[in-house]
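Protein chains in written order, with our numbering: chain A, 1 to 289; chain B, 290 to 526; chain C, 527 to 1201.
Among the hints, erroneous ones may be present.
[To be verified] A few chain B residues facing chain A, derived, Cβ under 10 Å:
(1) K362
(2) A364
(3) R365
(4) V369
(5) V371
(6) K376
(7) P379
(8) Q385
(9) N386
(10) F411
(11) P412
Just so you know, the hints here were simulated from the structure itself, not pulled from any lab data.
Please read all numbers here as calculations on a predicted model, not as lab measurements.
Glycine residues also receive a C-beta, built at the ideal position from the N, C-alpha and C atoms.
Below, each chain spelled out in residue letters.
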Amino acid sequence: MEPVILGLVLGGLYALLAQSFVLTFITTKTLNFAVGEFVALGAFATIAVSSWSWLPSFGRVAVGFLAASVVGALAYRFIVLPFTTQGEHDTRWLLSTVALSFVMLNLITNVEGPSPQRSDTARISGSVDVLGVGVSKQQLLLAVLAVVISLILIVVSQRTSIGLVMRAVSQDPETTSLMGISPRLVGMGAYAVAMGLAGLAGVLYAATVGASPVMGAPLLVASIAVAVIGGLGSLWGPLLGGALYGVLSEVASFQYGAIWGETAGLLLVIAVLVWKPEGLLGRRMEVKL
Amino acid sequence: MSLVIDNVESGYDRAPILHGVSMRVDPGELVAVVGSNGAGKTTLVRTISGLLAVRSGDVADDDGSLTKLTPAKRARRGTVMVPEGRKLFPQLTVGQNIELGRRAARGRTGGQDPVEALLEAFPIVKERWGQQANLLSGGEQQMVALTRAVAARPRYLLLDEPSLGLSPLKTLDVFRLIELIRERTGAGILLVEQMADQALAAADRAYVLEHGRVSMEGPAAELRASDEIRRAYLGVA
Amino acid sequence: MSTIEKSPPTSAAAPEPQRPRSHVRSALRGDILFAVVAFGIAVLAILPGRDGAGTSISTMQLVASMAAMTVAAVGLNLLVGYTKLVSLGQGGFYAIGAYASAYLTLDVGLPPLLAILGALALCGAIGAVVAVSSMRLRGPQFAVITLVLAVLVERILNEGNAFGRLAGYPNYAEHDTTSMEPVSVFGITFRPPMIAGEVATVMVPIVVVTVLVLIIARNIAKSPWGSSLSAIGESEMLAAHLGVNVFRRKISVFVLASVLGGLGGVIVTQAFAHLQPETFDIYLTITIVLAVVFGGSGTILGPLVGAVAIVWLEQSDILAEIGSFQQENISDTWYLSTSGLVGVLFILTLFLMPRGIVGTAGQLLATVVRKSAADPDAASTEGSASTADHPAVTTTASTDQHARVERPPVAAGADTSESMLRISGLSKNFGGLRAVAEMDLAVDGGQIHAIIGPNGAGKSTLANLLTGVYQPTEGTVTFLGRDLTGQAPHHVSRAGVARTFQTPQLFHDATVRANVLAGFADTGRTPLWAAALKPPGRYRRDAEMRAEADRLLDLVGLGDVADLRASELPYGKQRYLEIARALASDPQLIVLDEPAAGLLATESVVLGDLLLSLREEGFALVVVEHHMDLVARIADQVTCMDQGRLLARGTPAEVLSDEAVVAAYLGKPHEEGTH
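In isolation and in its complexed conformation, chain A is listed as follows (with noise of 0.2 Å):
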């Protein structure tokens, strides 16, 4: 029972940054591979105004959100919207986000150095009893806001015009501008929330583990993967496929040690990659000649 719990509770994180990773996809059909570093990001930022005794810690989380994001959209309109100009094959925004990964983790660890840092906001200490396994707040935190976020994301999108305008964009971006609509500025709105998302889960992460520059390249394999695995298209897919990826990587490194909980996890990602290419709960688009 405990490595399931304890894989649910991991699975929150992954979850919270694969939401990022659909929310990026369903707007404007890219993905963000330097996601890992605006995990750094929003942790550092949290760090840097962290001897602001005048802001709450809840002001200070809110830095690392807002740092990420604003970072976010400008990496969209300059790193990732110039480079998807081509049509559907066009791919180029992947190798172009890849490189701003390089470009921002060498930065960070100029900056701030390659070890890890303190970091002391947002930090809960103490543990609970779930059903009968003891689980930090801390991780237990993370998951209860992945699910909290996903919710809301899912309830703006069916409630508001905002998810029709979100799906029309992610759908044909030019005739979207002929209704009125810049698709910049959706595609802008979109990767600020997905990067703020990143930011808020590296300032939550941090305090558990401390902060430094790589702390987002393990993740952003692992995060990927879950929403690789739950389906791009699908904003319940991050809670599924984190359940699945955090439950089986426990228990496989539980059963047979560290390196086999990585490896089952990701060759969890292939199988459904082979078996639902759209994952499983994305839904499959036509082709029509």
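Given the coordinates of chain A, assemble chains B and C onto it according to the supplied hints.
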């Protein structure tokens, strides 16, 4: 008070396609543009709607120049385009498509909703309201695309090949709908068409585009009767 | 089916035997020149190490690194540049090749050459597995699955005890040494560039292998096999209609790319004799992608140029100097060092040189050539424009050409009492929707059968059933007495059915002629070995195909624009190009999906002339069309569909005056001649 295209040059990365085109569309007027393949008809409407940048010259509506505005801003000022191939949002319903059209009308509401009149005349669109757009036939899609454009409360409407790929019967329907739109909205309509004969029959005035230049212009009926046009575009010896 | 293989009409029809032969000669000259120059450069590159001077060691190591990166990048280019599949997994194969060849030698005890072959085979096998499992993926999902592979490999190398983890491989704890024994073959020992005074003999096989890989990749890129990759990159459906077995070809290209990735790793093992897991991280896999993009993806020399440039940049002090320059002049902490600068370089490349160094240089060269040849060029453009003005010119030109066309009588072997194409009881359901219901259709050679009907009547679905895009729910399709029901598009294409599309599907960046060349059956049929090794027959066949392509272009009136890019053709001309490409596969039946859509009345008259001339040559045509003037003029039989069913069938005059057809489709009776 009209949509004015003044000496516009534009095109894709390398070669300019339009070499100094000037046109005018007045409110309530149906203006046809005919020309052979590659003459620059699609380039023209894409330039007016802002999907292509103007290299030199100017495009202006009643409130001034549009040249520096994004396509979204132009649509919100009332210059609305129906692109070639309909371009409905395939995964959305008919109703959602038309709702999206309304977004361009933000701040320009009031008066009677022009969409209602169209739905009355062409109930098929209303019948399909909840259906996913890509399940509609080509003719129905064109109806929806036109209705969606009307929902944007256009002052000037740009139609790119509305009859493309449609059966003769549906082509008749589309032309009837265009006529109705002109009546009900009072918009100036620029109609780019391969079906030169029908387009000239429906239009008030017309321009002939050749190699990116306006080679002829005048009342549509006159052009339709001219020998030159009949030989070059109507397939009549 | 034998009709395709028997006597290619080209040899009979080629008007001037002189021309193909000169093409053979110039192609051969080009290939020899390339090989000679490549080997020459390779010799120059390893010349500094000929006496084993200690000062040359670092140069030789640099050359070996460049060679390894080149080989891996050449492989990746086949995927990224031609097939348009962005793989982030090439670093993984590189690592597998390096570690497996070392492990098989040291721990398994295989002879080194066998170990190397084993490592390459392993890469190929893993590549095949990845290819099969990623078959339906494109774009980001494909990138993700390959990235996952690279990450898995990295983890295993870093954490698997068998590979020494951070101690590297080999290491003292396990093997009592930190370097591999040099490989000896026939008494020659291939020493790595490590010890001063020893000649680094391994450099010879390294550069030879690199040059051979380049030659093979060049052969492949220029072969029909290579154009099949571009076809898959453009659209898998299009490739299938060109007769390419997309499933198998994607596996082949991925296996080939994986083996080349592994070969790069083998070179590293041989050149450095020791492996460290941290050199095989994600950064490596991205660097290989960068090498391809920076050099020019989809070009022959791009991977070489890119790999050499990137390795040189990383090993030289330039990037470090730029880093410290920033530290001194801008900020001590806010600066970029090597990896960040590589990232910036990557982004700048995408912005400023999306075609990479080689692609951009080629483009500039082409512009210069065009400018210097401005006069004839202008004349030819003018010529093409004037044909648009006066369609009659094209008509006469093409009819003249027809006089010279000779085709063997249709389907000599087939049962002539049967129709060429026979469809019976064909139905197709999409979910609850019955798109086509119990349709029958029979088309004979030398007949034009038009299919008309309201939008949504199922005409396009019928065309797609006929060409294998969809599997019918019920019913059969028989072609030349052969059952084609439910066959995949490439089988249908090979059986002799070609098609054109509603919106022309072309290789927009390729020349008009190259588009027609892609239509030949060779695109689907050339085996990989023949593409790679280029046997003498290939030269002849290439020249033949070129001559035949030019003839087909003349036939459709595009002879004078053969060297333009396809995207430079106006829309109407693109349709003719598609027809020429369809003809190249030497079909018996051509399915045309709304060929006159978007054409002016006058233009569709010219199209009608062309279709009529094809009928005279014995082709059977199935034409889905809305232009009644065209249908009335050219069709022998007209089928009108409504709601998936047959509404009316007969001669144009009968069908177009049929009351049901008028009510459901025409709106008013069709008038002959004028409107």
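A quick look at each hint next to the structure:
1. Because the smallest distance between the Cβ of B/K362 and any Cβ of chain A comes to about 8 Å, under 10 Å, the interface hint for this residue holds.
2. The restraint placing B/A364 at the interface with chain A holds, with a minimum CB-CB distance near 4 Å, inside the 10 Å limit.
3. A distance limit of 10 Å between C-beta atoms decides the matter here; for B/R365 the minimum to chain A is near 4 Å, and the interface restraint holds.
4. Taking 10 Å as the C-beta cut-off, the interface hint given for B/V369 holds, the closest approach to chain A being about 7 Å.
5. A least Cβ separation of about 8 Å between B/V371 and chain A falls short of the 10 Å threshold, and the interface hint therefore holds.
6. The closest approach between the C-beta of B/K376 and any C-beta of chain A is roughly 4 Å, which is under the 10 Å cut-off, so the hint is satisfied.
7. For B/P379, the shortest C-beta to C-beta distance to chain A is roughly 6 Å, which falls under 10 Å, so the interface hint holds.
8. Of the supplied interface hints, the one on B/Q385 holds, with its beta-carbon coming within about 6 Å of a beta-carbon of chain A, less than 10 Å.
9. Hint on B/N386 holds. Least Cβ distance to chain A is approximately 8 Å, under the 10 Å limit.
10. Here the hint on B/F411 is broken, as its CB sits about 21 Å from the closest CB of chain A, past 10 Å.
11. With 10 Å as the threshold, the beta carbon of B/P412 stays out of range of chain A, its nearest partner Cβ sitting at about 24 Å, so the hint is violated.
Of the numbered hints given earlier, the model fails hints 10 and 11; all others are met.
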